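With the hints as a guide, bring the two chains together.
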Amino acid sequence: MKFSHVLAVAFLAVGLAACTKPKQTKPSEPPPATAATGEASTSGVGEAATAGTKPLTPQQQALAALRTRNIVYFDYNSSEIPQEYLAVVSANAAYLVKYPTARLRLEGNTDERGSREYNIGLGERRAQTVRRAMLAKGVADGQMTTVSYGEERPAVPGHDEAAYAQNRRVEFVYAQ
Amino acid sequence: MRPTTGWLGWQAARCVLFGLGLMLAGSGASQAQLRLDITEGVRDAVPIAIVPFDGQAEGGTNDIATVVAGDLRLSGRFAPLDRKDMVARPTTGSEIRFQDWRLLKSDYIVVGRVVTERGVTSVAFELFNVQTGEALLAESVPVPGQSLRAAAHRIADLVFERLTGIPGAFSTRIAYVSVEGTPPSRRYRLVVSDADGFNARNVTESSEPIMSPAWSPDGQDLAYVSFESRTSAIYVQRLATGERRRVSARAGINGAPAFSPDGRRLAITLSRDGNLDIYILDLSTQALTRVTSDEAIDTEAAWSPDGKSIYFTSDRAGNAQVYRVDLAVAKEAERVTFTNGYNARPRVSPNGDELAMVTLDRGGYRIGVMDLKSRTLRVLTDGQQDESPSFAPNGATIIFASESRGNGDLALVSSDGRYQERLRSDSGDVREPAWSPYPARR
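Heads up: the sequence lines are chains G and L, in that order.
By the numbering used here, the letter at position 79 of the first sequence is numbered 79, and the numbering carries on one by one without gaps.
By the numbering used here, the letter at position 64 of the second sequence is numbered 240, and the numbering carries on one by one without gaps.
Isolated chain L (complex conformation) (with noise of 0.2 angstroms):
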C-alpha cells in the first residue's frame, strides 16, 4: 500500500480506509486532495484486464495500466483485473495466450507500449475481445506535454467509447472550491484538477468565501463568485494565464454565473433593490439583459444546449423550484419541477434531454434527475446535504457535492443511478464540483 494523491488511488482505497486517511493527514498539502472510497460495489462491472504496459517501471503515477484501470473503474462500468492475479505480462497482441485470460474471467485484455522514435514518444495500444481474440482496436496516441498521464486518459477514453458506445469523458478537469481552517484563518481556493482528482492545483484563494465555479464552453476559463473585496464579484479567469476580469461587482448581489453555449454571454444573479432576478451580461458589450423580474428569488441559471432557454430556481410559488424561461418568446417562465418540495440549482444534461438538480426527498437534499419529456424525476443519492451536481461531458456520470460525517466530500453517481462512489478530501470541506467540457482535440 502507498499513499495517492488522487482518488485514483483505488487499489490503495481498498485496503484500510482508516489508516490511508491516517497516513495522509501528515501529508501537509497545500490542496485539497481528492481520494476515492469505494461506498457501494459495482453491479455487472464488466471484467477487463488492463496489462502493464512495455517500457515502464511498474507502480509510479505514470504507469499507464494502472491510470487506464483506475479510470475505467471510476466509471463504475468496469471491473479492472488486480495486477496481482495477472499470470502474464504481454505487451504487443501477438503475446496474449487468450485461455490465460478466459480463466482469469476477463472479457476484455488491453496491452501497449510506450514507443519513442526519433525522439518523439507515443504510447500504442491493443484491445481485444477475450472470448473471440478478435481485435476491437489498435492505436497510438500521441503523449501531450510529456505527459503519460494525459496520454493514459485518452486511451481509457478510447476503450470506453469502444465498448460502451459513449465517448469517454477521462480526458476532462473538474473545478471545486476546498474551505480549511476556521475564522480568521479560513481559507477559500478554487481548485482545478484532472478528472481523477490529480494534478490539483489552486487557481484563487481568499480568506472570503469563493463559489459557484463555472467553465466556458471551450474550457479556457472558469468564471466563479468572490467576496474577496467583501461584497460578491463575479470574475472570469483564463486558467492558462492567470489573468483575471472582474466582470460584474454591481451593488447587491453579483451571483450564480453561468457561460452560454457560444461563450459570449454570462447568466448571472443580481439584486437590484434587494430582489434576485436573473440577468445576461454580453461579455464584450457589457450590455445587461433582464431575463426574470418576479419579486421571489430567481437565482441558479443554467443554459439549455440550444442556448435558446434558461433553467433556474425560484421560490415564488412559495418555495424554492425549478423554472424555464424561452429567451426568444421572453413570455412568463414555466414551472418544470411539482414533485418534491423543494427543487433548486439545476444542471442541463449535454444532450438537453435530463435536467439534474437538488430535491428534498423525505426530509434529505439530494440529487434527482427529471426526464425533460416525461417530467419523471428520479432520487439518485441517499444523502442528507447532498448539493451541485454537474455532469460529464459525456453525460454518463454526474459530480456532485456530499457531507457525510461532518465532512463536505466529493462523489459521482452514474446518470442512471446504478452505483456511486464518494471522493473524500484529506484536509478541509471540498464542495460545488463543476466537471469541463471536453478538451480542444489536438
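Next comes chain G alone, as it looks inside the complex (with noise of 0.2 angstroms):
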C-alpha cells in the first residue's frame, strides 16, 4: 500500500508534464472544491512532489503554468467562446506555437440536457470551435485533435444550472 503510493508519486513527478488531465474551475466560480469535482486531483500532488526532483524543462514549465488555463466554458445551447475566455485559447496557442511538437487534444462536452447523440453533435461544435480559433492564432492543423464526449463524462454529478455550467465545456488536453 504504502509502497505503492509512494511510487505512484514518483510517477506523477516525472509524467507532470506527460498527460495532464485539465483541472480548473470557472474563475467566476468559488475555487475548485475536489470531492465536488468528482474525480481524484492529480495537480497538487504533481506539483508538490516535482520539489527535490530533477528542475523542470522550460517546455514543462510552460505546460505546468497552462494546468489553471485549460478549459473554456460556454453559455447553454451555445458554441461560440465567451470574451474571458479568449485568453485562455491565446495562452494555450502560444504554447503550441511556441513547442510545434506538442499535441493538443480538445475535448468538448454539454450538459445533460437535450438528447445524448445530439449533444455529441454539441460538444464537437465546441471543441471545432476552439480549433478554429486555435488556428487562427497560427497552430498547425496537425497540432491538435477533437474528440466531442456530449454529455457522457460531466465534470460534476449534480442536475442544476450551478453543474451545469461546469459541464459546458472543452478541456485542453495534452500527450507527449
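Simulated from the structure, these hints should not be mistaken for lab results.
Quantities reported herein were computed from a predicted structural model and do not represent experimental measurements.
Certain hints may be false.
Said to hold, decoys possible - So, partial list: chain G residues that the calculated Cβ filter (under 10 angstroms) puts toward chain L:
#1 116
#2 117
#3 148
#4 159
A virtual CB, placed ideally from N, CA and C, is assigned to each residue, including glycine.
Set out below in C-alpha cells:
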C-alpha cells in the first residue's frame, strides 16, 4: 500500500507534463472543491512532488503554467467562446506555436439537457470552434485533434444550473 | 416481503420502497438490476386472477403464475388478483367454481400446470371468462432451454393477445447502458435483460462511455458506440457468442447507429470536417452513402419500417427539430416537427404511424408521440429529463430514460399515455433503453 503510493507520486513527478488532465474551475466561481468534481485531483500531488526531483525543462514549465488555463466554458446551447475565455485560447495557442511537437486534444462536452447524440454534436461544435480559434492564432492543424463526449463525461455530477455551467466546456488535454 | 432481482417484483414494490432499496443496496450485484416502482395507479385495468400453477412450489423465481401476473400488470392494462385473496387453487378448468371468482370481482381467470411426459416438460394453461364461464384459450407451451420463466412470458403473450387483440411483447428483451461510480473508477456497462428486468447480463463494459445501443431486426446483434479507444467507434456485437466487429472508426464522430429494417445496412452519424451528417453503411460491402449534407448537426437517424425513409434530428433551423428524408428521391429533407422549441431523437412506431421523440415541453425534456398523419404531438410524460424513447415491438408501450432525485432510471409509458411506471436501478444510473424486436418463433 505505502509502496504503491510512493511509486505513484514518483510517476506523477516524472509524468507531470506527460498527460495532463485539466483541472480548473470557472474563474467567476468559488475555488474548485476536489470532492465536488468527483475526480481525484492529481495536480496538487504532482506539483508538490516536483520538489527535490530534477528541474523541469522550459517546455514543462510552460505546460505546467497552462494547467490552470485549460478549460473554456460555454453558455447554454452555445458554441461561441465567451469573451472571458479568449485568453485561455491565446495562452494555449502560444504554447503550441512555440513547441511545434506538442500535441493537443480538444475535448468537447455539454450539460445533460437534451438528447445524447445531439449533445455529441454540440460538444463537437464547441471543440471545432476552439480548434478554429487556435488555427487563427497560428497553431498547425496537425497539432490538434478533437473529440466530443457530449454529456457522457460530466465534470460534476449535479443536476442544477451550477453543475451545468461546469459541464458545458472544452478541455485542453496535452499528450507528448 | 422478499428482495427481488427484477422489476417484476411488484408485490415487493407494494411494500415500503425505501426499505426495499436499503435491502437491495447491500446485495452487491455486478449488474445494475431494475425493479418496479408504481408511480401512478392504473385506471380501468382489467381484474384477472392468475392461479398458482400445479406442480410448482409457490414463490420462487420460476413461479409461473407470478411471472404471468407481473407481465400483465406491467402492461398497465390488467390488475392481477392478489394471491392471498384467492379462495381456491384450481389447476384445470373443471376445478373452477366461477361464482367464487365472480365474488372476487375477477373478470378472467388463468389456471395451469407443469406437465412432464416422457421426459419432456411443457406448461398447459387455460383462460376463462369468469362471468360467462366461457373457455377463451386452452394451450400448451414448450419450456425452451428449461426456462419456466420463458414459458411463462409466452403464456402472458397469448393471454394478452386473446384479451386485447394486440400481440404480447413479454418474451422480448431490453438493452440499456448502466453507469456506476465516479472517475477514475467509473464503469459504463451495456446490459441486456428480459423485458421484465430479470436475467440482466453484461454485453460489454468500459471505463470510457458506451452509448446508443440499437438492435438488429432479427434480435441477434446489438450495434453501439464505445469510446474505449478514447475516440468514438461503432461496434456490432453478436449476443449469443459475444463476438464483435468494429464497423466504423473514422476520424471524428462515429455515432447514433440504426439498423435498416432488412438488417443489411446501418445508418450512422459521421463528422467529416467537424460537421455531423447522416450516412448509410452497407455492412457487407462497407460502402458508405451520404444521406444529409447540411452544415447543421444532423444525427439520430431512425428508419421507417418500410426502409424507404429516415427520420433524424437537425438544428438547421436554429434549434433541434425532427426531419424526414426520402431515400429514393434524395430531395431536400422535410421538416416534421413544429410545435415545440426542441424536438429530437425520433423513433418510429412498429406500424409506422407514430413518431416518439424527446420534446421540450414547458421547461422539461419529455417524451412526445406524434401522429404522422395528423402531425399532432401529444406529450406523454411530465419529467424534467426524460429521453431515449423506444417502442415495444407491439407498439403498445414505450420505454424511456428518466431522471428523478438525481438518479437515472428507466420508465414505461403506454403509447396512449394512460399509465406510467418507473423502473429504478439498484445501483448507479441506467439510461438509453432499447426494446428488442420479437424473438424468432420456434
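Here is how each hint holds up against the structure:
1. 116: holds, 6 angstroms
2. 117: With a closest approach of 4 angstroms, the residue 117 of chain G hint holds.
3. 148: holds, 6 angstroms
4. 159: For residue 159 of chain G, the interface hint holds, since the closest Cβ of chain L sits about 6 angstroms away, which is under 10 angstroms.
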